[in-house]
Every structure is written in structure tokens, then in C-alpha cells.
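**Student:** In case you want the letters, here they are:
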Amino acid sequence: MTASATATVSAFPAVETERVTRDTRPLRLITCGSVDDGKSTLIGRLLWDTKAVKEDQAATLQRDSSGKQNDLGLPDFALLLDGLQAEREQGITIDVAYRYFSTDRRSFIVADTPGHEQYTRNMATGASTADLAVLLVDARTGILEQTRRHATIATLMGIRQFVLAVNKIDLTGYDRARFDEISHEFKELALSLGVKQITAIPVSALKGENVVYDGRASMPWYEGPTLVETLEKATARSNQTVGFRLPVQRVSRPGESFRGYQGTVAGGAVKPGDSVVVLPSGMVANVKQIVTFDLVRNAAVGGDAITLVLDRQVDVSRGDMIVSIDSQPMTGRSFDAQLVALQPDGIEPGKRYWLKSGSRRQRVSVAPASQLDLKNGNWTATDKLAMNAIGKVALSFDEQAVFDTYEQNRTTGAFILIDPDTHNTVAGGMITGRHSELGGIHKGDERVILSLPADLADRLMATEIFASRRHDAEVRHTNAGRAAEILADLDE
Amino acid sequence: MSDSRNEAEAKGAAASKPPLDPHLKALENEAIHIFREVAAEFERPVMLYSIGKDSSVLLHLARKAFHPGRIPFPLLHVNTGWKFAEMISFRDEIVKRYDLDLIEHINPRGAAENVTPFTHGSARYTDIMKTEALRHALDAGKYDAAFGGARRDEEASRAKERIYSFRTPDHRWDPRNQRPELWNIYNGMISRGESVRAFPLSNWTEVDIWRYIQAENIPIVPLYFAEKRPYVERDGMMILAEDPRLELLPGETKQEGLIRFRTLGCFPLTGAIRSAATTLDDIISELETATVSERQGRAIDRDQSGSMEKKKREGYF
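Top to bottom, those sequences are chains A and B. Heads up, the first sequence is in UniProt numbering, so the first residue is 1 and it goes up one at a time. Heads up, the second sequence is in UniProt numbering, so the first residue is 1 and it goes up one at a time.
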């Protein structure tokens, strides 16, 4: 271990110059793969080699594994990770667990999720806060349907950085051709999902090669970074691409003279003097002060928990959003979204749920339209979503709702659905856009036959929205009488 | 806790204080967000205050979250009557200094049935004086949300616990039926009698806690710093020998040495470590090279395998 540690140290000067621009915020990542791929061993190795496991925990491990050890005399890492008794009994991971480790350069929060198909919901939960996904494959078996499934879910949840850990490379005799073949196949898969930041690493989690310490001794042909080096350089999520967003959590009124709006900046930046709009009311004001416990600040950026004071009396309450005047989110009563169904009852069409996004909770009815087939990436029409299904839905609100698309803002574009009867969280969703104004007619995957005067049809077909979906429409000419007959036939 | 430090703290003024590093800042932001969300969504929140380092950080974050207002909920200290004396005097001073509403609850069975850690064994004692006492105190106050300072890195079953940890009307935790928790959107909807335990420090590690205490100049109980103290060795632990209720067993002798505590609880159940760490810098560097976890000094975690999960299912924090 000393030798390889020295090797790692000697590699530092090469990357030292990057330190200035390095992102030092904690990196949140998710690990995807099954027990068979060696996922527990990989995470165990990460924790072990970064010294996040202490001796008494290791001793408990040794005791619990009743002498069961791997061939390197290390404890059974799976026992370290599967913390619940039911999991130990069944030998499987049933829930998301969070792990913490750090290096000299950065700290990491790992959402460790199960690989079994029935736990798609847990993977979606873990992926919701992750900046990066580590996908694990067994070098002997390569990319599996499961890998595709995990990559697809990760992408849907907004992850745009992938690391492919080709594990058990030692069992292929450190076969470079095999590694190249798998990484090539994976890059094609990732690119087809729109992910461009991909790093493939040959790894032996069991032997600790290319995890924290490099594996040059066994794999001189691999000159890329170790897993930890890759994670150290990855970028944490940032919501600063869009305008300023402050979902108001509470109004602070400690006395008559002070009225501040408390919340966490969900995107963009703000400074005193900025013009803002309160949504959904639309009232305009200017920022007077940004108050925090330590000092009055000159500016706040995405992620900051602040108290905002405005320059005039406006009506603001919990659930409202204060936004920049020149870059506003969408408002409306109907939106399109993708969601993951999280509970056994699935998502029932027409049922009214509570939707919570930011600090706002409002009634919504949900109409499922299609469901994603994780095997091949195709969407098929449906009007009901079962547990673990990923679907496209239309949301209809009683009152004005305020959203960005999830693509633009992972906070103001995300929501959960709550069952009003059980109070359980039944779905996690991502806004894809405002629902078409034809929302009243649109329902699932149905077709609609319109009978229009020809000149009105011409004008409709000239619109941009029609042009982009010209191939979806069928057009026939007839006279008013015949059209009436056809429609009457349909009604029978 | 010198006077000058107290004054700087009391003013909340920290003009000379360097900005927090991005990692601690992110953790602080997340905790403040959780505090505000719970305070806004629940009718009767309360904050569990155990006087330890995590509670000290929790209290500091609560003050920050609601500044310039007061903390809009009371603090609850579930006392066992067997805490270190220095913890109680520290608590009383903090309550006075920050003008806090503190509720203290001691299970009356303790006195009535003379329940002590020496006579009832650590498991039974903890069950009555901590778990049962906590349940009673929460019921008595009709609290629907209770903040706690638990961290996921403390123990394996904690690693799976949500930030809003849902409890049934009899305070049970069902680890297999936890609500999914996505993004930073927390589901605060509960039915009558149900409650949540909210954990703003979920994503903090022990080192984070110490670095934050240092960066923010947060007062803590002096027992965390090394000092020459009297102790006896019992069951492989060094027990502080200051309280007159501690009776020496045959073969035990009172010794003196440079010791400190990594965690604080009931003095008969909390082991000291040998250490020369007298400053926060010392503690942090000691921690960075430490080879055992902080809970190693806690007798109650070791009663049986999976004991924390079992206690939690019964209503323990």
C-alpha cells in the first residue's frame, strides 16, 4: 500500500495547477450496479482506502461476517453497507443508503442504491440529488440490459456525468481489448442518451486497483485517472444558468419594523437593487437587503439560505416565488412532466394528488399519457402507471402554478406527488414544459377528429406547432354534410 | 468559553471571520433549509437538545435559520439525572445567554423505581430513562415534529434514515416503509397523532461538526477538551470519577490522567479517551488520524448487534 500511495503522490504535480479552478463543493454521486458486479465491494473499497471506516466498525464487521472474508483478508464490505437487519437476513440491499468519504481535495456523498429491477424507485430517489453516476459492470459480462436501464434512469433524473467502472478486470487477465470494447459500447449508449461527459476506468475493487490507488503495476496500458481522481475533478450541479429564483419558505416578522422572506436561492443570483417579481401574483419590487446571521450581504447565489428584504410592502406568503424580472419561470394551469411512480398503487388517471415543489403545495390532477420501456427506450401509450414505471403525464392545477423545466433548473422544475389519503409520497416528477393550450381536448394518446372550414384549417396548419408535427396529422377534404355524417357515425 | 469569545458570539457579529469553506457552507445551507421548512409546515415543532457537540451545532444553525427572529420552537432536554455535571451547568448558561425556551423532562420512574445505569443494566436503563422518557415528553407536548442532531455517518441503520423520519402515533420507526425523499422536497403531511423526526445534520460527518464548531466559534462543553481528570476503568471504559454516586467496585481504583470525551451522554455509560487535545485544532487533527469511531465509547450501542436499529424502531432517536 505504501508503494502505491507513493505513486499517487508523485502524480500530484501534474494536476496541481487545476486546483485553482477545482470545484470544492461536495460531490454527490450515485452508484449503480448489482451485488454481482461487485458494487458493495467497490463502495467498501472507497470507504476503506479513504479511511472512512474505523477500527471498531471493522471489528463489528469481522464479528458479523462470522469469519467470512474475501481472499485478501478484508472484511465482507457488503455487511458494512447493508445496515438494516432485514437486509442482512435477506442478503440484499432494500433501500437507499448514504455514505460519506473525503480526500484531501474534496468530500463526497454517495447514494448507494440497490440494483434489482423492482427498486427503480430507490434509484430514482438516489439519482435526484446526484451530480454524477458511477455505473458498474463486470468486465467478463460487459454491458447488460440493467446497465442501459440504470443509465436511462440517471439521465432522466438529470445526471449528465457518467463514470463507467469496468470491475473485476483482474479476472480477464487485465485484458485491454476487452476494456476498450466495453467502454466503446458504453460511450455509444451514453451518447444516445445525450450524455457527453463519460470516463471509463478499468477497476479491480477487490484488489483496490484504480479505485483510490492506481493500478499501473497490473495495467501499464491504462493511463487515465483513478475513480477517485475522476470524482475529485467532476463538477457539482449548479442552477445558475437561469434567472434568480427564491421559493419563499416563511415570512420572518420579528417586529413591526422588519419583514423578510426566508428561503434557499434555487437558481441565479441576487443583489440589492435588483428588480424582482413575486409569483404567481405578479407584483413587482426591488431588493433592499440580503440578511444573514453573520452580516448583511452584497449578493447571494444558488444554494444560499437567505432572508430577502424588499423595498416596498407587497403581499408575499409561503409558497410564492420571488424571481428576477427579466428571466421569469413559466406560469399556468397545465404542464407536461415525466415522473417515476414510487408506490404499489401506482398513479391513477384523474386522481387528485397534492403536488409539492419548492415550498409550494397545491392540488393537481394527473393524466398519464405514455410509459417508458426501459429495455429499448421507447415510449408506449398508457393511462395508468404502475409502481416503478416512468411515464409522461399531463398535470392540471386548480390554481396558477409556477415552474421552470427540469432541464433548466433541477429545483424549480422538480416536484413530488403526495397521496391525499395516505399522505405518502407516490411520485417524483420533472417538468418538461407548459402543456399545449389544446389541453382541454388532449387526453392520453387519443386521436381527435376536427371538422373545420378549409380556410381555418389552412391557418392552423401554418402555425409553428403544427408544422413541427405535420406527420402526426391526417387531412381529408369533404363537404359540410358528409363531415356531419361521419361525426354522427362516430357518436353511435 | 472565555468572556471575549462569549461577547463576540452574543453580538453575532463576525466581521473578521473568514467565509466558510464551500463544503461547510453547503451543509449549513441545507440544514437551514430543513429548519425553515419544518418550522413552516408543522404546528408544534420542538428541538431535542442533548447538550453535546451535535446539539451545539444544531442550536447554532437554528439561530441562524430564524435570524433576525427568535427560534420559533422550544428546546427539549430529556434528562436522565446521570448526565455529567458540567453538561448541566453548560446547558443552563447557554439557555440564559441565548434566551431560549427550554423544557426539561426526567422520567419519574427513575426516582420512583430507583432506575440507575448500575442497577438496571445499560439496555434497560436506556429504554426507560431515554426512549420511554422521550416518548412521554413528546406526547405531553403534543409535538408533531422533533429536530434531532443525528447524522447518517454515525451508525449503519442511520445511513438509511430519511431527513424527515416518519413516526407512527406510538413513535415507531419502520425502516422498510420509509417515504421516498427526492431532491430537497420534504413531505410534511401527516395524520393526527403521527409525527416526524427531522435531522438537519443528516449529511454531516464528525469532522464536519468539529470544523464547523471551529469556523463558527460555537461554545461546547469543556469535557471535549483534554484535562487531567479522575477516572476508573470498568468494562474496558474509562469512567469519569467525579460524581459521588459512582461507587467503586472491588478491585477498582480511582486514577488520574489526561483524558477527554468524544461524545457526551450519561457519565456511567460514556467512556473517555486518552488524549492531549486541548484545542479545536488538536481535536481535529486527532480525529483525522483516529482509527476508531466516536460511538466506540458508547456502551449502549454495543448491547447487541443491530441494537441502534432496534432502539430506533421503539422510539429512540
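Treat the hints loosely; a few may be bogus.
Unchecked claim - Pairs of lysine-lysine residues, derived as BS3-like cross-links and limited to a Cα-Cα distance of at most 25 Å, are as follows:
no.	chain 1	residue 1	chain 2	residue 2
1	B	K228	B	K254
2	B	K25	A	K51
3	A	K51	A	K187
4	B	K96	A	K288
5	A	K207	A	K51
6	A	K51	A	K233
7	B	K64	A	K233
8	B	K142	A	K271
9	B	K96	A	K271
10	A	K288	B	K64
11	A	K392	A	K375
12	B	K17	A	K271
13	B	K64	B	K96
14	A	K233	A	K207
15	A	K271	A	K288
16	B	K64	B	K25
17	A	K196	A	K233
18	A	K392	A	K351
19	A	K375	A	K196
20	B	K64	B	K17
21	A	K351	A	K375
Unchecked claim - Chain A is nowhere near these chain B residues, computed Cβ spacing over 12 Å in every case:
no.	residue
22	P19
23	L24
24	R63
25	A65
26	P68
27	D101
28	R151
29	R179
30	E181
31	S202
32	R229
33	R234
34	T279
35	E288
As the list claims (entries may be wrong) - Label-pair restraints from in silico Cβ distances:
no.	chain 1	residue 1	chain 2	residue 2	range
36	A	F258	B	D174	50 to 60 Å
37	A	D36	B	E93	26 to 36 Å
38	B	A123	A	K51	45 to 55 Å
39	A	N286	B	R44	30 to 40 Å
40	A	K51	B	D281	33 to 43 Å
Hints were generated in silico from the structure; no laboratory data involved. Glycine included, every Cβ here is placed at the ideal spot set by N, Cα and C.
**Student:** Would you mind marking each hint as holding or not holding in the structure?
**Tutor:** Outcome of the hint check:
Note on K228(B) and K254(B): the hinted pairing holds, with a Cα-Cα distance of about 13 Å set against a maximum of 25 Å. For the suggested pair K25(B) and K51(A), the alpha carbons sit about 24 Å apart, so the restraint of at most 25 Å is met. A distance of roughly 32 Å separates the Cα atoms of K51(A) and K187(A); the hinted pair therefore is violated under the 25 Å criterion. Distance check on the hinted pair: K96(B) and K288(A) sit about 33 Å apart at the alpha-carbon level, beyond 25 Å; violated.
At most 25 Å may separate the alpha-carbon atoms for a hinted pair to count; K207(A) and K51(A) meet this at roughly 16 Å. With a CA separation close to 20 Å, the supplied pair K51(A) and K233(A) stays within the 25 Å bound. For the proposed pair K64(B) and K233(A), the alpha carbon gap of about 32 Å is over 25 Å, so the pair is violated. The suggested pairing of K142(B) with K271(A) is violated, with an alpha-carbon distance near 41 Å, which exceeds 25 Å.
Distance hint between K96(B) and K271(A) is unfulfilled; the C-alpha atoms sit about 36 Å from each other, more than 25 Å. Proximity of K288(A) to K64(B) is assessed by CA-CA distance (about 20 Å); at most 25 Å being required, the pair is judged to hold. Distance check on the hinted pair: K392(A) and K375(A) sit about 17 Å apart at the alpha-carbon level, within 25 Å; holds. For the proposed pair K17(B) and K271(A), the alpha carbon gap of about 21 Å is at most 25 Å, so the pair holds.
For the given pair, K64(B) sits about 18 Å from K96(B) by alpha-carbon distance, which is consistent with the 25 Å threshold. Taking the CA atoms of K233(A) and K207(A), the gap is about 24 Å. The hint holds against a cut of 25 Å. The straight-line distance between the Cα atoms of K271(A) and K288(A) is roughly 8 Å, inside the 25 Å bound, and the hint therefore holds. Taking the CA atoms of K64(B) and K25(B), the gap is about 12 Å. The hint holds against a cut of 25 Å.
In summary, the hint linking K196(A) to K233(A) is supported, as the alpha carbons are separated by about 16 Å, within the 25 Å threshold. Restraint check for K392(A) and K351(A): satisfied, since their Cα atoms lie roughly 16 Å apart, inside the 25 Å limit. For the proposed pair K375(A) and K196(A), the alpha carbon gap of about 21 Å is at most 25 Å, so the pair holds. For the suggested pair K64(B) and K17(B), the alpha carbons sit about 15 Å apart, so the restraint of at most 25 Å is met.
Of the supplied pair hints, the one linking K351(A) and K375(A) is violated, its CA atoms being roughly 29 Å apart against a limit of 25 Å. Non-interface call for P19(B) relative to chain A: violated, since the shortest CB-CB distance, roughly 9 Å, does not exceed 12 Å. A Cβ of chain A approaches the Cβ of L24(B) within 12 Å, the least distance being about 10 Å, so the stated non-interface status is violated. Listed as outside the interface, R63(B) is inconsistent with that label: its C-beta sits roughly 7 Å from the nearest C-beta of chain A, within the 12 Å cut-off.
At roughly 7 Å from the closest C-beta of chain A, the C-beta of A65(B) falls inside 12 Å, breaking its exclusion from the interface. A beta-carbon of chain A comes within 12 Å of the beta-carbon of P68(B); the shortest separation is about 5 Å. The Cβ of D101(B) sits about 15 Å from the closest Cβ of chain A, beyond the 12 Å cut-off, so the non-interface label holds. In this structure R151(B) is not separated from chain A by more than 12 Å, as the shortest Cβ-Cβ distance comes to only about 9 Å.
R179(B), annotated as away from the interface, has a beta carbon of chain A within 12 Å; the closest lies near 5 Å. With a least beta-carbon separation of about 7 Å from chain A, E181(B) fails to lie farther than 12 Å from that chain, contradicting its non-interface assignment. With a cut of 12 Å on Cβ distances, S202(B) falls inside the contact zone with chain A, its closest approach being about 7 Å. Listed as outside the interface, R229(B) is consistent with that label: its C-beta sits roughly 23 Å from the nearest C-beta of chain A, beyond the 12 Å cut-off.
The claim that R234(B) is not at the interface with chain A holds, since no C-beta of that chain comes within 12 Å of its own (minimum 18 Å). Against chain A, the non-interface label of T279(B) holds: every CB pair exceeds 12 Å, the least being about 22 Å. Once the 12 Å rule is applied to beta carbons, E288(B) is inconsistent with being away from chain A; the minimum gap is 9 Å. For the hinted restraint 50 to 60 Å between F258(A) and D174(B), the CB-CB distance of approximately 43 Å leaves it violated.
Checked against the hint of 26 to 36 Å, the pair D36(A) and E93(B) fails, with Cβ atoms roughly 56 Å apart. Restraint check, A123(B) to K51(A): a C-beta distance of roughly 31 Å breaks the suggested window 45 to 55 Å. Between N286(A) and R44(B), the C-beta spacing of about 37 Å keeps the proposed range 30 to 40 Å intact. Checked against the hint of 33 to 43 Å, the C-beta distance between K51(A) and D281(B) comes to roughly 20 Å, which is inconsistent with it.
When held up to the earlier numbered hints, the structure conflicts with 3, 4, 7, 8, 9, 21, 22, 23, 24, 25, 26, 28, 29, 30, 31, 35, 36, 37, 38, 40 and fits the remainder.
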